[in-house]
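Heads up: the sequence lines are chains Y and X, in that order.
Going by the working numbering, the first sequence opens with residue 1, and the numbers climb by one from there.
Going by the working numbering, the second sequence opens with residue 1001, and the numbers climb by one from there.
Do not rely on the hints blindly, as some may be mistaken.
Cross-link-like lysine-lysine pairs, in silico, DSS-like; alpha carbons within 25 Å at most [to be verified]:
{"no.": "1", "chain 1": "Y", "residue 1": "LYS280", "chain 2": "X", "residue 2": "LYS1256"}
{"no.": "2", "chain 1": "Y", "residue 1": "LYS77", "chain 2": "X", "residue 2": "LYS1256"}
{"no.": "3", "chain 1": "Y", "residue 1": "LYS226", "chain 2": "X", "residue 2": "LYS1272"}
{"no.": "4", "chain 1": "Y", "residue 1": "LYS51", "chain 2": "X", "residue 2": "LYS1115"}
{"no.": "5", "chain 1": "Y", "residue 1": "LYS51", "chain 2": "X", "residue 2": "LYS1243"}
{"no.": "6", "chain 1": "X", "residue 1": "LYS1243", "chain 2": "Y", "residue 2": "LYS106"}
{"no.": "7", "chain 1": "Y", "residue 1": "LYS200", "chain 2": "X", "residue 2": "LYS1256"}
{"no.": "8", "chain 1": "X", "residue 1": "LYS1272", "chain 2": "Y", "residue 2": "LYS263"}
{"no.": "9", "chain 1": "X", "residue 1": "LYS1115", "chain 2": "Y", "residue 2": "LYS106"}
{"no.": "10", "chain 1": "Y", "residue 1": "LYS26", "chain 2": "Y", "residue 2": "LYS94"}
{"no.": "11", "chain 1": "X", "residue 1": "LYS1228", "chain 2": "Y", "residue 2": "LYS229"}
Cβ pair distances, simulated, as ranges [unchecked claim]:
{"no.": "12", "chain 1": "Y", "residue 1": "LYS151", "chain 2": "X", "residue 2": "ALA1260", "range": "53 to 63 Å"}
{"no.": "13", "chain 1": "Y", "residue 1": "LEU110", "chain 2": "X", "residue 2": "PHE1077", "range": "21 to 31 Å"}
{"no.": "14", "chain 1": "X", "residue 1": "ALA1260", "chain 2": "Y", "residue 2": "ASP324", "range": "33 to 43 Å"}
{"no.": "15", "chain 1": "X", "residue 1": "PHE1077", "chain 2": "Y", "residue 2": "LYS229", "range": "34 to 44 Å"}
{"no.": "16", "chain 1": "X", "residue 1": "PRO1041", "chain 2": "Y", "residue 2": "THR222", "range": "33 to 43 Å"}
{"no.": "17", "chain 1": "X", "residue 1": "ASP1116", "chain 2": "Y", "residue 2": "SER142", "range": "23 to 33 Å"}
{"no.": "18", "chain 1": "X", "residue 1": "GLU1063", "chain 2": "Y", "residue 2": "LYS151", "range": "16 to 26 Å"}
{"no.": "19", "chain 1": "Y", "residue 1": "GLU230", "chain 2": "X", "residue 2": "GLY1042", "range": "50 to 60 Å"}
{"no.": "20", "chain 1": "X", "residue 1": "GLU1063", "chain 2": "Y", "residue 2": "GLY139", "range": "31 to 41 Å"}
{"no.": "21", "chain 1": "X", "residue 1": "LYS1091", "chain 2": "Y", "residue 2": "ASP91", "range": "55 to 65 Å"}
{"no.": "22", "chain 1": "Y", "residue 1": "LYS26", "chain 2": "X", "residue 2": "VAL1022", "range": "51 to 61 Å"}
{"no.": "23", "chain 1": "X", "residue 1": "HIS1019", "chain 2": "Y", "residue 2": "LYS229", "range": "21 to 31 Å"}
{"no.": "24", "chain 1": "X", "residue 1": "LYS1168", "chain 2": "Y", "residue 2": "LYS151", "range": "49 to 59 Å"}
Just so you have them, the derived chain Y footprint on chain X, three or more residues with Cβ under 8 Å [said to hold, decoys possible]:
{"no.": "25", "stretch": "1051-1064"}
{"no.": "26", "stretch": "1082-1094"}
{"no.": "27", "stretch": "1193-1203"}
It is worth saying that the hints were derived from the structure and are not from the lab.
No residue lacks a Cβ here, since even glycine has one placed at the ideal position from N, Cα and C.
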Amino acid sequence: MKLFEYRGKELFDKYGIAVPNGRLVKDEKDFSGLNFPFVLKAQVPIGGRGKAGGIKSAENLNEAKENFSKIMGMDIKGHTVRKVLAEEKVDIKKELYLSITLDRSKRMPLIMASGEGGMDIESVPDGKIFNEWVNPLIGIQSFHIRGIVSKLGLEKEEGKEVAKVISKIYKLFREYDCELVEINPLIIKKDGGVMALDSKVNINDDAMYRHPDIEPELVELTPLEKDAKEKGIAFIQLDGNIGVIANGAGLTMATLDALAHFKGAGGVFLDLGGTDDPEKVMQAFELMKKAKPKVIFLNLFGGITKCDTVAKGVKSVITKEGIDCPVITRIKGMNEDAAKEILKDAGLITATTLQDAARRSSDLAGGT
Amino acid sequence: MSIFVDEKNKVVVQGATGHQGVFHIGEMLAFGTKVVAGVTPGKAGQEVHGVPVFNNVGDAVDETGANTSLVLVPARFAKDAVFEALDSGIKTVVTITENIPFHDAMEFVHYAKYKDAVLIGPNSPGIASPGKSKIGILPGSIFLEGNVGVASRSGTLTYEIVNSLKEKGIGQSTCVGLGGDPIIGTTFIDALDTFEADKETKAVVLVGEIGGTAEEDAAEHITEYISKPVFAFIAGRTAPSGKRMGHAGAIIARGKGTAASKIKAFEKADVKLAKFPTDIADLVEEYS
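Excised from the complex, chain Y in its bound form (with noise of 0.2 Å):
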């Protein structure tokens, strides 16, 4: 789960990491406790939203008026943005990028930094780019920091402001079981001292269950996906007009590359798992239903999911509420002879191979 940047910056607060003195505008009547000149920023689950126009300055009370307005309800790459973060500015003496990500092939967390921040840090090179991986078993050790420290070229009270920041992000990245903590830039005040100017906190939804002051926000789901969340069903939309059902994540994304082939586009992937439960099929249905798909293409393998427990599952759902598009089944694996009976006793088509069944569907939704 993607936390927006103000939420991000409470967990720092919380880790006693320096973050600008600002707070949530929720009207353009009240910007009281702020001094100026401040930054409104648009709180948005996305990247860019600077170059969207989401981050605009206040200098007075009218210019703050008006930019409040014109950021509050725009949208930003589908985002619209309810909420606005006001914060004083800072002068900054130095930008620099710190984030911990989690490494796949390694296995481990990597921390990144470099001395050039305040950019996207893939536009960053390689060479100016310093990471250090940590064994989870052995966990965070001065050698780590200094190895990155040492490398971004800091005065040696700054370099001591920055070790400590990594150790609290690390501690934040460890403790609210983070795939991302990212601050970008993260700054050396005129003043002294350094401070966070952004933040990036992504935690992993499978252990937010260990996090229950962490409120869930569901920004990046549409409506019916966030539906088939509650139900505990893997659906996803997109952007063509083929629904595609099928048990697998692996099973049902190779479906949607199929229709690819025959210039069909998947708009809902549906993935059944390992369920053959008829109430679980029948809450699959309505959700595709709910989607108007042109076309649905329904596509099991039975191991030991057995075919004919889901046919009648459809079966059922088909005859008590009707459907009102085609539906396309290609049905593999245990007892589908008699799961290819049921479906077309319910006035489905059956089609034969993966790529019969990819062809028809395409041909009937007519490419998009």
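Since the structure of chain Y is provided, determine the placement of chain X on it from the hints.
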């Protein structure tokens, strides 16, 4: 031969008395797996399909000589279960549990290395060496004894591919489900090295997907160290960036982990790629 598991594995199932545990102990016994013990705290003295249940892994090892564990416990107890297995001297741990916080997985993956144990998963469907043993939740009916090694990041998609191999009369030495999580114990590289060393395995099939760089790492490794022919399928060519495609590990993040990058890496390593999952069987058939 086969890799990682064969008839010498004596399996203790952690989480033996739950619905999944009971069902899969039955399935494994039917496959010929030596399931010797179950563990559920507080349930010592019970039996599942005639297999004795113990309160902890240590007792199970002492009483039955178990050397392999299958972890089926819920996600929030999984770290404890894997640590317990490793500390009880278990040398092969197969972790089926999904949704384990990856910080937990990071810890037990490194602890398994320290203990010189093989850890498969988490979020793995398990591992099967046809004719010898099946440890996990893979359906027994899809396998055939033979010479193709399979390593995969997914479940059902692998069953589909293995089944299509079987339909063409192409058997498997071992099929290992590496798991769909971002942090896993046994990687493509580990599986490739072990298949390379296995006399019985003549060719290797890899089933990859978007997310991370495991396929790119594997491709480099193949060029340098693997002499046996390798075939591959990559799922997620049309997956959008930033969306988790069902598996926790299947996500294109910050431009990394695209199918295009993986396909390019495999092509460079002379790995034969299939367009559709079932085409793998055709490619392998043409070759052999």
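Verification of the hints:
With a CA separation close to 34 Å, the supplied pair Y:LYS280 and X:LYS1256 exceeds the 25 Å bound. Restraint check: the Cα-Cα separation between Y:LYS77 and X:LYS1256 comes to about 20 Å, which is no more than 25 Å; the hinted pair holds. Only pairs whose Cα atoms come within 25 Å are accepted, and Y:LYS226 paired with X:LYS1272 is rejected, the gap being roughly 40 Å. Simply put, Y:LYS51 and X:LYS1115 have alpha-carbon atoms about 50 Å apart, too far for the 25 Å limit, and the pair is violated.
Distance check on the hinted pair: Y:LYS51 and X:LYS1243 sit about 23 Å apart at the alpha-carbon level, within 25 Å; holds. For the hint pairing X:LYS1243 with Y:LYS106, the CA-to-CA distance comes to about 23 Å; that is within 25 Å, so the pair holds. In summary, the hint linking Y:LYS200 to X:LYS1256 is supported, as the alpha carbons are separated by about 18 Å, within the 25 Å threshold. A C-alpha spacing of about 24 Å is found between X:LYS1272 and Y:LYS263, which places the hinted pair at or below 25 Å, so the restraint holds.
The hinted pair formed by X:LYS1115 and Y:LYS106 meets the criterion: a straight-line CA distance of about 17 Å does not exceed 25 Å. With a C-alpha separation of about 32 Å, the suggested pairing of Y:LYS26 with Y:LYS94 is violated against the 25 Å cut-off. Distance restraint check for X:LYS1228 and Y:LYS229: the Cα-Cα separation of roughly 43 Å exceeds the 25 Å cut-off, and the hinted pair is therefore not satisfied. Taken as a hint, the range 53 to 63 Å is violated for the pair Y:LYS151 and X:ALA1260, whose Cβ atoms sit roughly 33 Å apart.
Between Y:LEU110 and X:PHE1077 the beta carbons are some 28 Å apart, a value that agrees with the proposed interval 21 to 31 Å. Checked against the hint of 33 to 43 Å, the pair X:ALA1260 and Y:ASP324 passes, with Cβ atoms roughly 36 Å apart. As the Cβ distance of X:PHE1077 to Y:LYS229 is approximately 23 Å, the hint placing it in 34 to 44 Å is violated. With their beta carbons about 41 Å apart, X:PRO1041 and Y:THR222 fall inside the hinted range of 33 to 43 Å.
Distance hint check: the CB atoms of X:ASP1116 and Y:SER142 are about 29 Å apart, consistent with the given range 23 to 33 Å. Taken as a hint, the range 16 to 26 Å is violated for the pair X:GLU1063 and Y:LYS151, whose Cβ atoms sit roughly 55 Å apart. Taking 50 to 60 Å as the suggested C-beta distance range, the pair Y:GLU230 and X:GLY1042 does not conform, at roughly 32 Å. A hinted range of 31 to 41 Å for the beta carbons of X:GLU1063 and Y:GLY139 is consistent with their spacing of about 36 Å.
Evaluation of the 55 to 65 Å hint for X:LYS1091 and Y:ASP91 yields a pass: the beta carbon distance comes to about 59 Å. At roughly 55 Å, the beta carbons of Y:LYS26 and X:VAL1022 sit within the given window of 51 to 61 Å. The hinted range of 21 to 31 Å is satisfied by X:HIS1019 and Y:LYS229, whose Cβ atoms lie roughly 23 Å apart. The beta-carbon spacing between X:LYS1168 and Y:LYS151, approximately 56 Å, falls within the hinted interval of 49 to 59 Å.
Counting residues of the stretch 1051-1064 of chain X whose beta carbon lies closer than 8 Å to any beta carbon of chain Y gives 0, which falls short of the minimum of three for the stated coverage. Only residues whose C-beta sits within less than 8 Å of a C-beta in chain Y count toward coverage, and the stretch 1082-1094 of chain X has 0 of them, not enough to reach three; the restraint is violated. Under a criterion of three residues with beta carbons nearer than 8 Å to beta carbons of chain Y, the stated coverage of the stretch 1193-1203 of chain X fails, only 0 such residues being counted.
Violation of the numbered hints given earlier is confined to hints 1, 3, 4, 10, 11, 12, 15, 18, 19, 25, 26 and 27; the remaining hints are satisfied by the structure.
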